[in-house]
Amino acid sequence: MKVLMIDDSRTMRNIQKNVLKTFADCECVEAGDGIEGLSALAANPQLDLILVDWNMPNLDGLSFVKRMREKDKTTPVIMVTTEAEKQRIIDAIKAGVNNYVIKPFTPDSLLERVKQTLEKAKAAAAA
Amino acid sequence: MTVAVPPPTVSNAAAGGAAPGVELVIHFMKAIKEVLSTMAGVEVTTGKPGLKQDPVSTYDVSGIIGFSGNFGGSMVLSFKKETAVALVKGFSGMEMTPDSPDFTDAVGELANMIAGAAKTQFGGGTSISVPSVILGQGHVIGRLHDVPCIVIPCESAAGAFAVEVSIKSKQ
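Here the protein sequences come in this chain order: E and L. No gaps in the numbering here: position 16 of the first sequence is 16 in this note's numbering, and each next residue is one more. No gaps in the numbering here: position 167 of the second sequence is 294 in this note's numbering, and each next residue is one more.
Honestly, the hints are just simulated from the structure, not real lab data. Heads up, some of the hints might be wrong.
Derived pair list, reagent style SDA-like, types lysine to any residue, alpha-carbon separation capped at 20 Å [as the list claims (entries may be wrong)]: (1) L:160 with E:105; (2) L:216 with E:86; (3) E:86 with L:195; (4) L:216 with E:19; (5) E:21 with L:221; (6) E:86 with L:249; (7) E:17 with L:216; (8) L:216 with E:107; (9) L:160 with E:17; (10) L:208 with L:195.
The following label-pair restraints were derived from C-beta to C-beta distances [what the hints assert, rightly or not]: (11) E:96 with L:284: 40 to 48 Å; (12) L:170 with E:109: 15 to 23 Å; (13) L:251 with E:107: 26 to 34 Å; (14) L:148 with E:66: 35 to 43 Å; (15) E:89 with L:148: 21 to 29 Å; (16) E:124 with L:254: 28 to 36 Å; (17) L:193 with E:27: 33 to 41 Å; (18) L:197 with E:22: 16 to 24 Å.
Ideal placement from N, C-alpha and C gives every residue a C-beta, glycine not left out.
Generate the whole structure from the sequences, applying the supplied hints.
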């Protein structure tokens, strides 16, 4: 499984990486903001999943998702963020996010959302 | 276990302007406990909040988050160095020394999550900044001059720390 993780906190990316590695053999690509995320996307066209933070310097997560979805409608995206207000979640879903994890999170809750998202993506691809 | 919480540096003199309301402070107290319990596996006891007039940070390590929109101001997560090292280890799963860039990153992310969890209760229309982290004894943090600062003293198995909240409603 190849996953792109976009978060300005390296600590958070490491935590997510460690959680994913308990689930599957995972090749992790990392980016520190939305601009790096777009570059990583261009360099890695066959991604299975993207985890993206919202509040980041240079280009925030919501803007990254909007730009990404202009060309890529199918790669599943989970937003992992402190932004928990209802309107923020609605904005993220409208932008094209497939699932949402609110920080702070337990490893189990992150893993649950990852599995859920991948299963839905697989079902959508098969349909 | 009951843990004695040292009193914050406070002044009884009015600082001018309305102090953050009780409800706002309670949101931060809940957020501190939720974030550190979930992400660092540490239970926190919060003490009685008090007014702070001394601009010098409570402890040596500060994670700072700005607020803008319907609520403006700042939150500072202030740790003793040893406490920060212990909490960062619990959070990241790794030993880090304060001179490591990953250490300041981890402190910043803890501050980000506490501020974000509190902000969720504000009712929308407020944004938080990316975090800044300052290391060093006796550093001074500039705040909005008309917004008093409330210090929430905290105690945990990792040691003492404090959350300094200087926020006002702009509505």
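Results for each hint:
1. A threshold of 20 Å between alpha carbons decides the hint, and for residue 160 of chain L with residue 105 of chain E the separation of about 13 Å falls inside it, so the pair holds.
2. With a CA separation close to 32 Å, the supplied pair residue 216 of chain L and residue 86 of chain E exceeds the 20 Å bound.
3. Annotation: proposed proximity of residue 86 of chain E to residue 195 of chain L holds, straight-line Cα distance about 18 Å (limit 20 Å).
4. Taken as a hint, the residue 216 of chain L and residue 19 of chain E pair is honoured in the structure, with Cα atoms around 16 Å apart against an allowance of 20 Å.
5. Only pairs whose Cα atoms come within 20 Å are accepted, and residue 21 of chain E paired with residue 221 of chain L is accepted, the gap being roughly 17 Å.
6. Under the criterion of a C-alpha separation no larger than 20 Å, the hint pairing residue 86 of chain E with residue 249 of chain L is consistent with the structure, at around 12 Å.
7. Distance restraint check for residue 17 of chain E and residue 216 of chain L: the Cα-Cα separation of roughly 17 Å lies within the 20 Å cut-off, and the hinted pair is therefore satisfied.
8. Proximity of residue 216 of chain L to residue 107 of chain E is assessed by CA-CA distance (about 16 Å); at most 20 Å being required, the pair is judged to hold.
9. Annotation: proposed proximity of residue 160 of chain L to residue 17 of chain E is violated, straight-line Cα distance about 25 Å (limit 20 Å).
10. About 29 Å separates the Cα atoms of residue 208 of chain L and residue 195 of chain L, which puts this hinted pair outside 20 Å; it is violated.
11. For residue 96 of chain E and residue 284 of chain L, the hinted distance range of 40 to 48 Å is satisfied, since their beta carbons lie about 42 Å from each other.
12. The hinted window of 15 to 23 Å between residue 170 of chain L and residue 109 of chain E holds, with their beta carbons roughly 19 Å apart.
13. Taking the beta carbon of each, residue 251 of chain L and residue 107 of chain E are about 29 Å apart, inside 26 to 34 Å as hinted.
14. The hinted range of 35 to 43 Å is satisfied by residue 148 of chain L and residue 66 of chain E, whose Cβ atoms lie roughly 36 Å apart.
15. At about 26 Å, the CB distance of residue 89 of chain E to residue 148 of chain L agrees with the hint of 21 to 29 Å.
16. Here the CB-CB span from residue 124 of chain E to residue 254 of chain L is close to 33 Å, well matched to the stated 28 to 36 Å.
17. Checked against the hint of 33 to 41 Å, the C-beta distance between residue 193 of chain L and residue 27 of chain E comes to roughly 36 Å, which is consistent with it.
18. For residue 197 of chain L paired with residue 22 of chain E, a C-beta distance near 40 Å fails the hint of 16 to 24 Å.
Comparing the model with each numbered hint stated earlier shows that hints 2, 9, 10, 18 do not hold.
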